[in-house]
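Asker: Residues per chain, in single letters:
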Amino acid sequence: MTEACCHGITDEKYQKLDEVINQYKGKPGGLIPVLHQAQLIFGYLPKEVQIKVAEGLDIPLSEVYGVVTFYTFFSQKPRGKHTIGVCLGTACYVKGAAEIVEALENSLGIKVGDTTDNGEFSLMVTRCIGACGLAPVLTVGEDVYGRLSPDKIPEIIKHYEKM
Amino acid sequence: MNLYRAHVLICGGAGCLSSGCKAVLDKFNTELKAHNLQDEINVVETGCIGTCDLGPVMVVYPEGIFYQKVAPEDVTEIIEEHLIKGRYVTRLLYERPASGEQIPFYNEINFFRKQQRIALRNVGLINPEVIEEYIAQDGYLALGKVLSTYTPEQVIQVLKDSGLRGRGGAGFPTGLKWEFTKNAPGDQKYVICNADEGDPGAFMDRSVLEGDPHSVIEAMTIAGYAVGANQGYIYVRAEYPLAVQRLEDAIKKAHEFGMLGENIFGTGFSFDLEIRVGAGAFVCGEETALLASIEGKRGEPRPKPPFPASQGLWGKPTLINNVETFANIPVIINRGADWFKQIGTEKSKGTKVFALAGKVNNTGLVEVPMGTTLREVIFELGGGIPNHKRFKAAQTGGPSGGCLTEKDLDQPMDYESLVAAGSMMGSGGLIVMDEDNCMVDVARFFLEFTQDESCGKCTPCRVGTKRMLEILTKITQGKGEEKDLELLEELATSIKATALCGLGQSAPNPVLSTIRNFRDEYLAHIREKRCPAKVCRALLQYSISSELCKGCGLCARNCPENAISGEPKKPYTIDQEKCIKCGNCLDKCPFNAITLK
Ligand SMILES: Cc1cc2nc3c(=O)[nH]c(=O)nc-3n(C[C@H](O)[C@H](O)[C@H](O)COP(=O)(O)O)c2cc1C
Ligand code: FES
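Sequences listed follow chains A and B, in order. Sequential numbering of the first sequence, starting at 94, is according to our numbering. Sequential numbering of the second sequence, starting at 6, is according to our numbering.
Next comes chain B alone, as it looks inside the complex (with noise of 0.2 Å):
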């Protein structure tokens, strides 16, 4: 390998590829050729650095300066200024949203800062397409401790003792799963790996394995020889091309470097992995269900028992963990079950990719320790909420989960105290809610989500929600009754009681999380019928003041059924029983005349 004299490493995960960082990277390439650079400088693709809004992003070594919004017109001023005069360009640099201060150094970035990079610890540091990269980062350095001095018996005890718990939602013990699998009878067993992070809002999988697809072929592969596996799938979702194609690539690496397939590091142990692509289904990201999509069939849950561990693929034995579960277990072995278990909390150990998304100023990936305050995840790494609104709500766990209020931001999260507080750890999504986010419109939209996924087979999933479904329609629409509520309540609880799957089960989570919380907002809809966040259109009234409106016509000319009329110079009426509060003349107002009640 070259000795260069820095590094450039550029942030190509799915945010940054959507904001132009191809177009940066070219130009670096070309530019740092014609300053005769490129033997001096190695410019490097990673995947997600993080700061998703943040986008393109890249950070200089060795200094560690990050520079944000870079377009292709900044190549040559980052080449020629800090390059080549040591002179850092302040115009991109990173600003704290609320002082302006700019701070140069990537570490001392609170969004970076107070993170701890476990499952993440490659992602944005490494080139996912290079296996050397991640061999020297430690990379395929625990399979081979494992292979040459562990029995399955000792690598099953190092996780059980880590503590380490399944990060796709439920979060069960993984070192007692991997135990179940292993003493499970049956000679054909199966190790897969849950890739189909169903839940909207959620990326975190997605990062991992475009950003270190080496990390979960590694833990498979250590899966594989604990439970006595010889072939393992990877299950990913069909929205995640990028994903597969790295997953690819590096499992076509890994087989030359000989650390999969057959007689791995020559010690007899073999190995083989195959990846199995979704297709758009959400109820797939449920274990059996994903078991009987790879089968080849309609993706439909079974009960449990019997579980995979004991009754799997094709009815053998199967392992199943999420991706980020995988992503810990190499640092875990080459680090220690003492040194894991610090981190966290007393019965959360160590720490949980959140995707941090909605109303929040910096948008993206953090990993914090477990037993973080949701108030640091949001106002210190997030930067608060944008445009001096207010925090309303955070939901976790998804379309399972429900939210969290004020009243939770100084509550330790983990895995007990999110089920305490209403909500659940789930995969980590998080979804950030402000003032202008009406809470019965969020049920609602999440009752629609579950509907809309339920795969049919058990009633109380398929007409249960259906019906709590109308019923949040209505309470949207004005047409809402007080009973509705205690109806919701019932319907929810036996829905929870007698649904067959998780989706099922988990499907009132949100709707009965919003009626605890914000059951004013609720009461509002129904009894005033106003949506107090002025979502709900059925309930919004537009109108024109006659002070502010200079009678110019824009409105009446934009309204598509013709419900505003007015001569012109002279203030101008909308008729409320034609206008369908498409809010056209609301855009268009030049002179922000029109108001919304």
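Excised from the complex, chain A in its bound form (with noise of 0.2 Å):
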């Protein structure tokens, strides 16, 4: 899977990484910034992503690993086409977040940290995103989903199966 190096298409994705590199270059600080893009760009961090960053911004690539390992919103992994995050804040928490990634664990057939085999949907957990008056929240891409009970999740995943 992180072959995404060789084939004609990424290409244009390489060019689109040494933009942002090049707008980054010298200015202290530039790491995260550029990391950000680079997962925006790719979908998540594979190695040679990595390595082109280290080598762009002139820093060692044991600092880049370092820095994409530390923060969780840093994934090495492709994810799904959907990825879907509940929220484990602790609004949420106290009203059944548990419950409601145990229903999607069992609809979709995986577990948290997991994509599905076809490749539709990835399963995260999140810290608060600031919409602990809808407790329990999840999130599929941009959309939130508030004031959650575990007989919503099959309507949602349903939703997005077909797009």
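Everything labelled a hint here was simulated from the structure, so no lab data went into it. Bear in mind the structure is a predicted one, so any value in this text is a computation, not a measurement. Treat the hints loosely; a few may be bogus.
Stretches of chain A that chain B covers, calculated by requiring three or more beta carbons in the stretch to come under 8 Å of a beta carbon on chain B [what the hints assert, rightly or not]: (1) 126-138; (2) 225-231.
Okay, derived cross-link-like pairs now, BS3-like style, lysine-lysine, Cα gap no bigger than 27 Å in a straight line [said to hold, decoys possible]: (3) K352(B) with K501(B); (4) K174(A) with K27(B); (5) K257(B) with K118(A).
For each residue, glycine too, the CB sits at the ideal point set by N, CA and C.
Fit the two chains together into the complex; they arrive one by one in their own frames, and the hints show the way.
Answerer: Right, here's the structure in full:
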């Protein structure tokens, strides 16, 4: 899965990455913004991309890897077409977020952190997304669903399956 | 600007967005055009109005009528009845939870009436994307005043006199922090806004950033002038993309208006701002970890001193304040320290914004004077506990704090009294729990959180919290022993004393506080292997009542472990050995024949 580098389509992505790197090159503290952009371009941060960033910014690869693995926002694994993030913040937890996670795991047949075999869904848990007033909440990509109960899960999944 | 006869403020805060306010807004705009009212009635998308669970909400002025749970289908009626004929749409009015009495006016609803909005003064009132609306509310007036008539020392004196303390957690006097930074030697200094808002269950900073970004920009520029910095950074968590977008937009507009950048207001003072987006690490809210993160490194904290005021970003003197702290500052400059200082308690001046969530009727954002009691916040503003359940505890200070109980309800809340009650102010997250929440499980939840977020640099936090979590997990699984409580307390005390940063030092707090307040509940888990709140799965038993069971077999068909058996039309039974306590059967049973003990 990590051999994303050498197919024609991704050349364009690397070109974009080069532009981002040039923009931050020599600027102090540029690594994290570059990684954010890189993840937007590639969807995740495979080793090849990390090497490219390290060379481009003239930073040891070990440091890039150290930063990528420190922050949960950065992923070294490709994600599914839709990423479902269940909030496990306090407000959501006391209102039954654990049951939502369980309902999702049952419906999708995967555990938290995994992606379905057909590449449609990835299941993640997130910390508070700031919609605590509607707890428990989950996100699918940019969409937010609040006031959840386990029985609402199948309907949400169905909605994205068709997309 | 056009003169409108009515203004419709539609909340575009995070809560209302997920309840579908965009569709309501679009419908409003098209319908107003269809009725040819677009020049008479002004529709504004605002930041969070505060009552998240009632969304989408809107307020119609000049009368100040509050409508809740508005759907696109309601829009035509609001326009034709209210805006054309002047008759309120009663079915969309707010109802008092206890009595069901309808309250049409925004400022007569307890949730709003009891608030005093300083930090949130513009949130929910102006369109955050229009700088002119901020300026119309005295925006950038304080900056102009400071740059043209105050010396840096005078600015700092006002803050010192006001008694303002940091709203990010520790409550350090803001004026003093500014003074330290100003007096630190060095020609390059920085101002940083901590918008990491790591406390899960808190969203007040988010609402300020999204609902009134210019107030933070204005205050940071004032700070730059006072401490002698020309560059600022706003560190925003990655989970808040809308806040980032609003800030970027606001910074651009402030530049265009000459309120940011070179030679502000022609006074010769220059200040610029950059946004840095976090990447999902709770510890980065801690100021030294935050500095490391802006420098592009792993967000690991370092020992203090040296404090950031003397050695901060890239080793230079750096002022770090929280979003809400900054949001207070323009008002303090405009209205004076004497005005600010009358609000609040002796040692805690001004107001505090709380993010009210959990088991409470009106979830949302409230800003109240320091010294307001927990009872007022939960029962008057918050409208009490839903479903006639009993109040059990409220967590303040997030994973670093502790819980308040029945006995604390009438304590005035300020920095000191919350510490005395075994908790802390924290950033303002206030999570209400009822009788259905298990305090042992809640303590385990917080420990799991801090354990997961521990950066691993120091041993007490990395290993110590892990051991504590193991013990707590054991207790929730019914394998606890009585000596575990002592062990937990011992571990807690040594972790508090030896961890490197605030994360580790405060991680044991929720455990200590729940043991102190709910020892019986711990003991029930340990001695009787019983979870009184019926949360800890391993301690529960599902059973089928032979009287109520009609033998439909639905439970057996839905049991993932085939633990339920029986013959059609006769009572079924559950094999306790096989049961994994998933609760499917209870959810599915149409006759309420399955009980949980
Ligand atoms: C583990 C940990 C997490 C923190 N998270 C935040 C945060 O999310 N936001 C914040 O403003 N302060 C946070 N703080 C407090 C900051 O270190 C710092 O005290 C604060 O930003 C100072 O601003 P103030 O004086 O305006 O409160 C955190 C502290 C610790 C120990
Ligand atoms: S705790 Fe889930 S959104 Fe805040």
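Asker: With reference to the structure, classify each hint as holding or not holding.
Answerer: Here is how each hint holds up against the structure:
1. 126-138: Coverage by chain B holds for the stretch 126-138 of chain A (3 residues, Cβ < 8 Å).
2. 225-231: Since three or more residues must qualify, the claim that chain B covers the stretch 225-231 of chain A holds, with 5 doing so at under 8 Å.
3. K352(B) with K501(B): At roughly 26 Å apart (the allowed maximum being 27 Å), K501(B) and K352(B) satisfy the hint.
4. K174(A) with K27(B): holds, 25 Å
5. K257(B) with K118(A): holds, 23 Å
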